[in-house]
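Engineer: Construct the complete structure from the given sequences, taking the supplied hints into account.
Each protein sequence line maps, in turn, to chains B and A.
Using numbering that gives the first Met the number 0, read the first sequence as starting at 0 and increasing by one per residue.
Using numbering that gives the first Met the number 0, read the second sequence as starting at 0 and increasing by one per residue.
Hints listed in this document are in silico derivations from the structure and should not be mistaken for laboratory results.
Predicted model, so just to flag it, every value in this text is computed and none were measured.
Just so you know, not all the hints are guaranteed correct.
Think about it this way: if two alpha-carbon atoms lie no more than 25 Å apart in a straight line, the pair counts; the simulated PhoX-like pairs of lysine-lysine are [stated by the list, open to error]:
id, chain 1, residue 1, chain 2, residue 2
1, A, K286, B, K221
2, A, K187, B, K13
3, B, K221, B, K302
4, B, K208, B, K107
5, A, K137, B, K51
6, A, K286, B, K304
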Amino acid sequence: MRRSTFAYRIQNIKRHWLLLVMILPGIIYLFINNYLPMFGIIIAFKNVNFAKGIWGSDWVGFDNFAYLFQTQDAWVITRNTLLYNGAFIVLGTILSIAVAVLLNEVRKRFVSRLYQSIILLPYLISMVIVAYLVLALLNEENGFVNHYVLPWLGIDSVSWYADAGKWPYILSVVYLWKNVGYTCIVYLASIVGISQEYYESATLDGASKWRQVWSITLPLIKPTMVILVLLSVGRIFNSDFGLFYQVPLNSGALQTTTDVIDTYVYRGLMTFGDFGMSSAAGLYQSIVGFVLVLTTNAFVRRKDKDLALF
Amino acid sequence: MVNLYSNRVYQITVHFVLITMAIAAAFPFLLLISASLTEEQTIIRNGYSLIPDQFSFDAYVYLFNQYSLILRSYGITTFITMVGTLLGLLITTLIAYPLSRNVLPFRSFLSFFVFFTLLFNGGLVPMYLVYTDLFHLKDTIWSLIIPNLLTNGFYILLMRSFFSTSIPGEIVESAYVDGASEWVIYYKIVLPLALPSLATIGLMLMISYWNDWFNGLIFINDGSLYSIQNLLNRMLSDVQYLQQNSLSGKTAVASSVPLASVRMAIAVIGVLPLIAAYPFFQKFFVKGLTIGAVKG
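Structural biologist: So, in C-alpha cells, the structure goes:
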C-alpha cells in the first residue's frame with residue numbers, strides 16, 4: 000500500500016516534520032562528537048605546526064605512519080594489545096562460565112543474590128579506585144602483600160612497581176577481578192533460562208553433575224558464549240584505557256609490558272604533544288578495529304541473523 | 000544414602016568456592032577501609048593490614064578540617080552526574096523515539112548516520128582537538144558533561160528496540176489521529192511507558208558520570224574543576240598534592256599530614272556513595288547488565 004513516490008515523500012515530511020525536529024539535537028550532537036573528529040583524521044597525514052594552525056600545516060603523506068612502524072613502539076603496543084585482550088577473552092569466558100554454573104547450583108535465592116552482589120561490586124567502581132586498591136596491596140613499603148602474604152610464604156619482598164615482568168599477571172588478575180562479576184551474570188541469565196526438565200531426566204539416567212554441565216549447560220549456553228566472545232573479538236584492538244593507565248600508575252618503567260595502543264595514543268597527545276604520530280596510531284587502531292567489527296558481525300550474522308549488530 | 004552424602008559434599012564445595020570468590024572480591028575494599036582507619040605510624044611500621052593494630056580517625060579528622068577541597072570536588076561530581084544523566088537520557092530518547100517510528104522521513108539515512116558511529120571513530124587526537132581547539136571547552140565544566148552524553152551508542156539501539164516492540168503502534172496512531180502532536184505523544188505516552196528502561200539506562204549513565212575521570216584528565220588543568228575522581232587521580236600521581244592544597248597552607252600543619260592513611264580515606268569517601276546506594280539499585284543494575292549485553 001505504501002506509495003514511495005516523490006509526492007508521498009513530501010507529504011510525509013509535512014506530516015511528520017516534528018519527528019525531524021526531535022531527532023535534530025541528537026544528530027547535531029553526533030555530528031560534533033563523532034563525525035567532526037572523523038574529518039580530523041587528516042592530522043595523521045600532516046606535520047602539525049601550531050604556528051600555521053592544524054588545517055594550515057604541511058601535508059606529509061604517510062610519513063607519520065612510516066615513523067610509527069619503523070620504531071619498536073608499533074610492534075610492542077600491537078603485541079601487548081592483542082595478547083592482553085586475547086588472554087582476557089579466554090580467561091574471562093572460562094572463569095565467568097564456571098562461576099555462573101556454580102551460582103546456578105545455589106538453591107537459596109537470597110544466598111545466590113548475596114554472592115552475585117558481592118562479586119559484582121568491583122565492576123561498579125572507577126579505575127582510579129581500583130588503582131588505590133592495588134596500591135594498598137602491592138605498595139613496596141606498606142603494601143599488604145609485601146608485609147603479610149610474602150613473609151608468611153617465606154618469600155622476600157618484591158618491588159612490584161619496578162618489575163615489568165610481573166604486570167601481565169597483575170593486570171590479568173585485576174581485569175578478572177573487576178569484570179567476572181559482570182559477565183558471569185550475563186551467563187547466569189542464560190543458564191537460568193534452561194528448562195529444568197533436561198536436568199531432571201539426566202539425573203534419572205544417573206548423569207553426574209559434571210556430565211550434566213558438560214552435556215546440557217554448555218551446549219545450551221553456546222549461543223550466548225559465541226556472541227559475547229565475538230563481540231569482544233571485534234573490540235580486541237581497543238583496550239580498557241583505565242586498566243593500563245591507572246593501575247600501573249602510568250609508570251614509565253613498566254611500559255614494555257603495560258603499554259597498549261590506547262595508552263600510547265594518549266601519551267603521544269598529552270605528554271609529548273606529538274599530534275601527527277599520535278593520530279597515526281589512533282587511525283591505525285580505528286581502521287583495524289573497523290575491519291574487525293565488520294568481520295565479526297559477518298560471522299555473527301551467519302550464526303544467527305537476529306543477533307547481528309546490523 | 001550415598002547419593003545424599005555426595006550431594007552434601009557437592010553443595011559444600013559449591014559454597015566454599017563461591018565464598019572464596021566473594022572474599023576475593025570484597026577483600027581489597029575491606030583493606031582500603033581498614034587502612035584509612037589505621038594510625039599513620041603503624042602503617043609506616045607494619046604496612047596496611049586488614050585489622051588495624053592501632054585505630055585512628057586522624058585521617059578523617061584531617062579531611063574534615065580540609066573540607067573545602069573535597070566538598071568542591073563532590074559538588075562538581077554531583078553536578079555533572081545529575082545534569083549529564085538527565086541530558087543523556089533526553090538525547091538518547093530523542094534519537095531513539097523518532098528512529099522507532101517507521102513514518103520518520105529519511106529514516107534509513109538517519110539510522111545509518113546514528114549507527115555508523117558505533118563502528119568507526121576518528122580517535123582520541125581529533126576528538127581532543129574538536130573540543131579544545133574548535134569549541135574551546137578546555138577547563139570548563141561542559142568538557143566533563145558533553146563528551147559523555149552518549150557514552151554508549153548501544154543505549155540508542157536498546158531504547159529504539161524497546162520503543163518499537165513494547166509501545167503499541169496503535170496507541171501512538173490513535174493519539175496522533177486524535178490530534179495529539181508528536182511532542183505530546185513523546186512526553187505523555189512514550190516516556191511514561193518506557194520508565195523501566197529509562198531507569199536502567201539512567202542508572203548506567205549515572206554510574207559512568209560518577210566514575211568518570213578520563214575527561215577530567217584530558218580537559219581539566221584547573222584544580223577547582225576537579226571531580227572527586229580527578230582529585231583522587233591527582234593524589235595518586237602526586238602524593239603531595241593534598242598537602243600543597245590544604246586550606247591552612249602552614250608548613251607546620253602540612254608536615255604532620257597523615258598521608259598514607261589520608262590517601263586511603265579519600266578513596267573511601269570517593270567510593271562510599273556508590274556502595275551505600277548499591278543495595279537499592281542492584282536489582283535494576285543486574286537487569287540492565289543482562290539486556291545491555293545480550294541485545295534485547
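Engineer: Are the hints correct? Go through all of them and say.
Structural biologist: These are the hints, each one checked on the structure:
{"no.": "1", "hint": "A/K286 <-> B/K221", "in the structure": "holds, 21 Å"}
{"no.": "2", "hint": "A/K187 <-> B/K13", "in the structure": "holds, 23 Å"}
{"no.": "3", "hint": "B/K221 <-> B/K302", "in the structure": "holds, 11 Å"}
{"no.": "4", "hint": "B/K208 <-> B/K107", "in the structure": "holds, 18 Å"}
{"no.": "5", "hint": "A/K137 <-> B/K51", "in the structure": "holds, 21 Å"}
{"no.": "6", "hint": "A/K286 <-> B/K304", "in the structure": "holds, 24 Å"}
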